[in-house]
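Generate the whole structure from the sequences, applying the supplied hints.
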Amino acid sequence: MAHAELTLGADAIVMLGSIQNDTLGLRVPLDIGAVTGGIYVSVEDVDAPYRRARAAGAPIAQELTDDG
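Going left to right, the sequence shown walks through residues 13 to 80 as the working numbering numbers them.
Because the hints were derived from the structure by calculation, they are not lab data.
Check before you lean on any hint, since a few could be wrong.
Unchecked claim - Label-pair ranges, simulated between beta-carbon atoms:
(1) Y62 x D23: 18 to 26 Å
(2) D23 x G45: 14 to 22 Å
(3) A67 x D23: 23 to 31 Å
(4) D43 x R63: 28 to 36 Å
All residues carry an ideal CB built from backbone N, CA and C; glycine is no exception.
Take a look at the structure:
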């Protein structure tokens with residue numbers, strides 16, 4: 013997956029990306045005749061909400077990785 017991140021001021025981040033040929037097997041809207049989208053949420057401690065989501069039974073599509 014290729015993506016770009018743009019910032020405006022100290023907090024606003026806009027992420028643009030392509031899911032073509034990604035590791036999750038996602039497909040682009042044109043391929044399936046639909047509209048798709050995603051939401052990114054920025055948090056200070058990513059591990060805490062991840063653990064809560066997992067404990068609540070949320071499906072985990074991809075394990076956390078440190079790309080920083």
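Here is how each hint holds up against the structure:
Separation of Y62 from D23 is about 21 Å and conforms to the stated range, judged on CB atoms against 18 to 26 Å. For D23 and G45, the Cβ-Cβ distance of about 36 Å falls outside the hinted range of 14 to 22 Å, so the restraint is violated. Between A67 and D23 the C-beta distance comes to about 29 Å, which sits within the given range of 23 to 31 Å. Range check, D43 to R63: Cβ separation about 34 Å, and the 28 to 36 Å hint holds.
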